[in-house]
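Number of protein chains: 2
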Amino acid sequence: MDDITVAVLGTGGIGRRALELSTHKEWLTPVAACDRHGIAVDHEGLDVTELLDATEGNIASRNEQPDDPATDGGIAIKRSGEGEGVAASIQGDHTTTPIDDVIAESELIDAVLMALPNLEHDFIPRVTDQFVDAGYDGVLIDVLKRSRVIGMLDEREDRLVDSGITFVCGAGATPGFLTGGAALAAQSFVDVESVDIRWGVGLKSGYEDNRGTVREDIAHLDEYDIETAREMTDEEIEAVIDDHDGMLEFTDMEHADDVLLERAGICDSDDVSVGGVLDVRNDAKPTTTTVKVTGTTFDGERATNTFQLGDATSMEANVNGPAIGYLKTGVRMNRNGVYGVFGPAELLPGF
Amino acid sequence: MDDITVAVLGTGGIGRRALELSTHKEWLTPVAACDRHGIAVDHEGLDVTELLDATEGNIASRNEQPDDPATDGGIAIKRSGEGEGVAASIQGDHTTTPIDDVIAESELIDAVLMALPNLEHDFIPRVTDQFVDAGYDGVLIDVLKRSRVIGMLDEREDRLVDSGITFVCGAGATPGFLTGGAALAAQSFVDVESVDIRWGVGLKSGYEDNRGTVREDIAHLDEYDIETAREMTDEEIEAVIDDHDGMLEFTDMEHADDVLLERAGICDSDDVSVGGVLDVRNDAKPTTTTVKVTGTTFDGERATNTFQLGDATSMEANVNGPAIGYLKTGVRMNRNGVYGVFGPAELLPGF
Chain A
1 MDDITVAVLG TGGIGRRALE LSTHKEWLTP VAACDRHGIA VDHEGLDVTE LLDATEGNIA
61 SRNEQPDDPA TDGGIAIKRS GEGEGVAASI QGDHTTTPID DVIAESELID AVLMALPNLE
121 HDFIPRVTDQ FVDAGYDGVL IDVLKRSRVI GMLDEREDRL VDSGITFVCG AGATPGFLTG
181 GAALAAQSFV DVESVDIRWG VGLKSGYEDN RGTVREDIAH LDEYDIETAR EMTDEEIEAV
241 IDDHDGMLEF TDMEHADDVL LERAGICDSD DVSVGGVLDV RNDAKPTTTT VKVTGTTFDG
301 ERATNTFQLG DATSMEANVN GPAIGYLKTG VRMNRNGVYG VFGPAELLPG F
Chain B
1 MDDITVAVLG TGGIGRRALE LSTHKEWLTP VAACDRHGIA VDHEGLDVTE LLDATEGNIA
61 SRNEQPDDPA TDGGIAIKRS GEGEGVAASI QGDHTTTPID DVIAESELID AVLMALPNLE
121 HDFIPRVTDQ FVDAGYDGVL IDVLKRSRVI GMLDEREDRL VDSGITFVCG AGATPGFLTG
181 GAALAAQSFV DVESVDIRWG VGLKSGYEDN RGTVREDIAH LDEYDIETAR EMTDEEIEAV
241 IDDHDGMLEF TDMEHADDVL LERAGICDSD DVSVGGVLDV RNDAKPTTTT VKVTGTTFDG
301 ERATNTFQLG DATSMEANVN GPAIGYLKTG VRMNRNGVYG VFGPAELLPG F
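Chain order of the listed sequences is A and B.
Going by the UniProt record's numbering, the first sequence opens with residue 1, and the numbers climb by one from there.
Going by the UniProt record's numbering, the second sequence opens with residue 1, and the numbers climb by one from there.
Calculated directly from the structure, the hints in this document are not laboratory data.
Heads up, some of the hints might be wrong.
Said to hold, decoys possible - Straight-line C-alpha distance at most 16 Å; calculated EDC-like pairs for lysine to aspartate or glutamate:
1) Lys292(A) / Asp311(B)
2) Lys25(B) / Asp299(A)
3) Lys204(A) / Asp299(B)
4) Lys204(A) / Asp311(A)
5) Lys204(A) / Glu301(B)
6) Lys292(B) / Asp311(A)
7) Lys25(A) / Asp299(B)
8) Lys204(B) / Asp299(A)
9) Lys25(B) / Asp191(A)
Please read these numbers as outputs of a predicted model, since none were measured by experiment.
Use the sequences and the hints to build the structure in full.
In structure tokens, the structure reads:
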């Protein structure tokens, strides 16, 4: 497979880890990165170590203005130095239009990883529109979680196809890694009756670097929704955590796993349940991340296949490895002329 | 996705189950099937129920002549009726050249499932040559197990590409399903140190219908090799089973999982171990089929991810579901102009 050049939008926890992971993969060259403050571009390949060092010191997510096309997900801000965030890197320049600036360079970029949280439902769809309007013809990939965003991307299917874009959505840990596991595990069965996804995240496993994600998670708690979670201050977020003694348990989350598995023909979205436990005070995962697929074989037996992640694997490892794996598949599809919107499970062999 | 037409070579356990499974999938239409005795072709779609009924009554594998291009894998023979095997079906005709006869129809066939055991190493490669010589330009897929056959197919890579053939090899349960699970599970890790595949098969789970496969398995026992296993009579096979009290345990098998995972860039072939336990006297699986992938994450943690099949899933379900899943992916690749030899793990997103 040929080399792949990638731009990373957002240098929060996910974006930073994607950049770091790229140093482990010779075939993957990050050529652009941006946050709300700046952009760094080098078509020969960014100096990732310098960029990460210069932008070290994560600040938790700010209150967002809904119409602000920010690119942070837990913003990486360097307090010292001449600029903030990416602009603090010697490779970076200050900008007020980071996404437009990436788009201006996109003819040489094979794939764009949108490492953006999506507190505003339409944020990723709107960024997508910007790429379409500019005639981009590569891969867009996001790690979104919310079911309803998929529909908004589907509405753009025709325009994406016309532009020559292959969009892989929800390609992080869940959905993404775990829906992939479910799709594969489903191959024993002619009829899948349930997919049960339950994740565990501990402090060491990723909370500290992923406060933006935690805000999204809080929106899943019974008493909250996206709007209230978005408006909360960091202090209010901390107070919610205190109220739960640091252990947040989620059931029946609105997680895109359901619609993505239905799209892939694995089962009805109603048959998918997603929940998890987040422990923000202990290193150990409070529960082992597990996918259970229960179904009936062609010869009439009912059974459950299981896909389970080792407790020592961090959230970052389980988000970013699969994201880059799906990105690679997306680029292969794009180079073969396959365009449109795809969920991760659709990229797996589908029985 | 558009519909797929398939030919099934061999109507032993695997071939019969593939035909049966096709009735669960609207998009998959079997249009040809053959065994050493006959061929049935209907480009509108075979009547699978009639064909299976007419050929019911499996006979275990015969001693093969190495140069005999037989198409049986545990041959399905009907003892009553005018013909044997496929020729006994009202859709079937007697033939002495079943593979040539399928090739003659292959312009309208999207994919060919080679449900053939491979006691002679070069049998599947030789059948492949026949398809290449005839200018076939669709998908060939097999469920072979032996590492060395992959090399023989690789030698044919250029000719396959020139012909426009997409060859997916080793697409059954193991390799195939389990290497797919390993490839997916590996995505947490930047360095995979080991892939440990251990399968369990009980009587109910598939032995009865898969005696040809058992013969191949016996070749993996310490005291045997391919040549001696091939020459054994059914009675001698039974004697081996008796000697082991019906429970055959295999370690360090020469299973294509190793080379297929290396091809996909998951790990070195030396890091893959394959073993299993076959109980030919009890219904229950003697051990739960499990894939363990141990590696190191980018952030330095060592962990093991696990993919496990429910004990009630039969060998047939775990061979044929994935085989058809990989077939579907192979056809998609073929239609996109992607030709050559691919292992199942290469069809998964590869981080």
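Within a Cα-Cα threshold of 16 Å, do Lys25(A) and Asp299(B) meet the stated pairing? Holds, at about 15 Å.
Lys25(B) and Asp299(A): Cα distance at most 16 Å? 15 Å, holds
Please verify whether Lys292(A) and Asp311(B) have alpha carbons no more than 16 Å apart. Distance ~14 Å between Lys292(A) and Asp311(B) Cα, so the pair holds.
Lys292(B) and Asp311(A): Cα distance at most 16 Å? Holds, at about 14 Å.
Is the Cα-Cα distance between Lys204(A) and Asp299(B) 16 Å or less? The hint holds at about 11 Å.
Lys204(A) paired with Glu301(B) [C-alpha distance capped at 16 Å]: Given that 16 Å is the threshold and the Cα spacing comes to 11 Å, the pair holds.
Are Lys25(B) and Asp191(A) close enough, with their CA atoms no more than 16 Å apart? 11 Å, holds
Is Lys204(A) close enough to Asp311(A), meaning Cα to Cα at most 16 Å? Distance of about 11 Å is within 16 Å: holds.
Check whether the Cα positions of Lys204(B) and Asp299(A) lie no farther apart than 16 Å. 11 Å, holds
Comparing the model with each numbered hint stated earlier shows that all of them hold.
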